[in-house]
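Now for the letters of each chain:
Protein chains: 2
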Amino acid sequence: MPKANLFYAQSGGVTSVINASACGVIETARQNKDQIGKVYAGMNGIIGALREELIDTSKETTKQIAALKHTPAGAFGSCRYKLKSLDDNREEYQRLMEVFKAHNIRYFLYNGGGDSQDTAHKVSQLSLQEGFPITCIGIPKTVDNDLPVTDNCPGFGSVAKYVAVSIREAGLDVASMCESSTKVFVMEVMGRHAGWIAGAAGLAAEEEGDSPHIIIFPEIAFNEAKFLRKVKSCVKKFGYCAIVVSEGARYRNGQFLADAGGKDAFGHTQLGGVAPFLADLVKQKLGYKYHWAVADYLQRAARHIASGTDVEQAYAVGKAAVEFALAGKNAVMPTIVRKGTKRYSWGIGEVPLADVANVEKAMPRKFITTDGFGITDEARQYFAPLIAGEDYPPYRNGLPQYAKLKKQLVSKKLPAWNKPG
Amino acid sequence: MPKANLFYAQSGGVTSVINASACGVIETARQNKDQIGKVYAGMNGIIGALREELIDTSKETTKQIAALKHTPAGAFGSCRYKLKSLDDNREEYQRLMEVFKAHNIRYFLYNGGGDSQDTAHKVSQLSLQEGFPITCIGIPKTVDNDLPVTDNCPGFGSVAKYVAVSIREAGLDVASMCESSTKVFVMEVMGRHAGWIAGAAGLAAEEEGDSPHIIIFPEIAFNEAKFLRKVKSCVKKFGYCAIVVSEGARYRNGQFLADAGGKDAFGHTQLGGVAPFLADLVKQKLGYKYHWAVADYLQRAARHIASGTDVEQAYAVGKAAVEFALAGKNAVMPTIVRKGTKRYSWGIGEVPLADVANVEKAMPRKFITTDGFGITDEARQYFAPLIAGEDYPPYRNGLPQYAKLKKQLVSKKLPAWNKPG
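Line order of the protein sequences matches chains X and W. Residues are numbered in my numbering as their position in the first sequence, beginning at 1, plus a constant of 897. Residues are numbered in my numbering as their position in the second sequence, beginning at 1, plus a constant of 897.
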């Protein structure tokens, strides 16, 4: 009987280090060829399994697989496709089983956030019911840092580093010119539901007066009057005001500031973007000249300024996932465990998928200062080690050189799948 | 008689390497203490001279001055204050003279773009008329790359590198997700009058299908129908479309797409930003899901990803300015001279300020492909060496460590100046 194969898929929004996890998976599987056959990667994530579009990673060179460790985004493609519950769409799960059976896949490694861990958990349960047991291991990934149990999520540390570096640099720019030009700068960062990313930008402010002066968190209801007072006092005190705002900033009633329904100062519906909205508010109410930036995908794709810690952890959870599978573990996810309080160190732990699926970790209120505009020392202690270390990609002609894969598909054995997905 | 002092000022929009020029000036002056007394830097640029706010750089440590080479923005402060013509505001020039006389300043080094070179030129002329000759040397600086004679402008190469790296990374992100999510990504870059920066982003596209697929230049009148056809064909061919747009993108009639008068799809005035405008246009006309980013100050402050070539050239023009002054040259600006065609090398040349003042260098039409959406091989050959090399700042706790100056002011000797400026 041929050795069982392994199926790996990337899920949800990509990060600058999710490919480092893929690298950990593939390199570790290659080191265990006696137990694992081939590693197939889903073309565009789980959709690739449903469509039987399986990338044969054995066709990729050692060099290109190694290059995944320094390549941002999802090298095999990802998707936001969420499988429904077993009751609502058993057919999809059964299709997965058929594809896995057809290709002798006995290991399913799913690299994603809470939804993906839920899916991996369901596949694990169903596989037992169907009498074709599949070892399901989750691999944590999300810039949102909202998975429970694990100390932090691979992907987050690098976004955190990007936003902290960016607001430090842009803050210096504004400080240079504020005497006669721009006085207020607003940088919008990701985080629809929680202020983890916005909070990490606060690391840039190490001394009184450093940027950012104001952070707007989704956790703190936006109070226009209080915000404007704070902006004014910063401009008076420091000559300028650098603001980081989470895309999830919202009013007391829950409405996002950036919502399509938001109005600009002229009462017109605006195109979105909380940064221009806030900047305009400042201009209208306080008259300051402003500039604003929306980093959007730049922040989560910024492998050129990835956190060394994050890269190592992303690789480690991929490696651990394969080791867990080989050790006979099932329906678990490796976690990052923080060790030591004075000097940061970390290790790998594990958690049952059942405990991770669909649980969101909120940022503690104690991470935010009493006035709601900054981060506490406790937050700093949490965030700081996650952005530590640099891990530069190789450059050629001034540009980072990222992996280029063949992405050769395995021959199909089943009828086409034309359902959603 | 005490040795003559040197006055240095930063002017206009700052860059990630203008402080490298300051470093070149100060270090070179310190090496020539037998000929140059103190180096005073204008607090917030030329305004500092008018207000007699002179920073005594001799109070800064060797280490902090060296750190300027890797510190973005304007460490002494900059301003957009333009001196009027001699006829319109002779008083201002005379105030400059008084301050220079009062502090025994015989060297004036002005670090800026075309306007600044014009000012330096006028000060030079006036000083001769007034019988208090001042050696005036311009130091080129502008992310806009629009100074004549010099092959390129310090500051440009680093922005160019930032935008090329960013669109490469964000493009990979979009490619990962396009099967089921975002299909069009728009990144807005600086360049109100010319497409130098937008064009440099084109370096990221080395092979068919690479990002960016479309560049919108100020030089090419925006044609909505043609643009939408191109977006559609890219999405069909590559699965997604990554777009770089210059903030200076305009219609045939000269109106900026991003103008406050621009209308969104609902006919409402929008807050500005050509990226959201274009993204919304794509959504309305083609229905594609989009994301957009506006890098704004992030791009010109991004010292963390500065071009090694740019840093060296910025330092070299600062150094050359002092050497020119010591060699008895006057009313000139050091230039970057491109040497060699196969293998890039460069040297320092010089040009009279009279030939630089108020002359803008446009990007050649032959740099843009016939269809108006990309760059030619000739453009690549010009741009490529300017982004070559990495020059990383030192990091501590995951964050770049930038110079922190004392900025101690020299005691005032003159009555206060309460005029504009």
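Everything labelled a hint here was simulated from the structure, so no lab data went into it. Model, not experiment: these values are computed from the prediction. Among the clues, some could well be false.
What follows is a set of in silico ranges between Cβ atoms, one per label pair, in the way DEER data are often shown [stated by the list, open to error]:
1. X:Lys1182 to W:Lys981: 41 to 47 Å
2. X:Lys1316 to W:Asn1150: 32 to 38 Å
3. W:Leu1025 to X:Lys1123: 17 to 23 Å
4. W:Pro899 to X:Gly1136: 30 to 36 Å
5. X:Lys1180 to W:Glu1105: 42 to 48 Å
Where a beta carbon is used, it is the ideal one built from N, C-alpha and C, also for glycine.
Starting from the range 32 to 38 Å, see whether the pair Lys1316 of chain X and Asn1150 of chain W falls in it by beta-carbon distance.
The hint (32 to 38 Å, Cβ to Cβ) is violated, given that Lys1316 of chain X and Asn1150 of chain W are roughly 50 Å apart.
Outcome for the supplied range 30 to 36 Å, where the beta carbon pair is Pro899 of chain W and Gly1136 of chain X
Check passed, 34 Å falls within 30 to 36 Å.
State, for the Cβ atoms of Lys1180 of chain X and Glu1105 of chain W, whether the hinted interval 42 to 48 Å holds or is violated.
For Lys1180 of chain X and Glu1105 of chain W the Cβ distance comes to about 44 Å; the hint holds.
Take a look at whether the Cβ-Cβ distance between Leu1025 of chain W and Lys1123 of chain X falls inside 17 to 23 Å.
With a Cβ separation near 57 Å, Leu1025 of chain W and Lys1123 of chain X fall outside 17 to 23 Å, so the hint is violated.
Lys1182 of chain X and Lys981 of chain W, beta-carbon distance inside 41 to 47 Å?
violated, 33 Å
Taken one by one, the earlier hints fail for this structure at numbers 1, 2 and 3, listed in ascending order.
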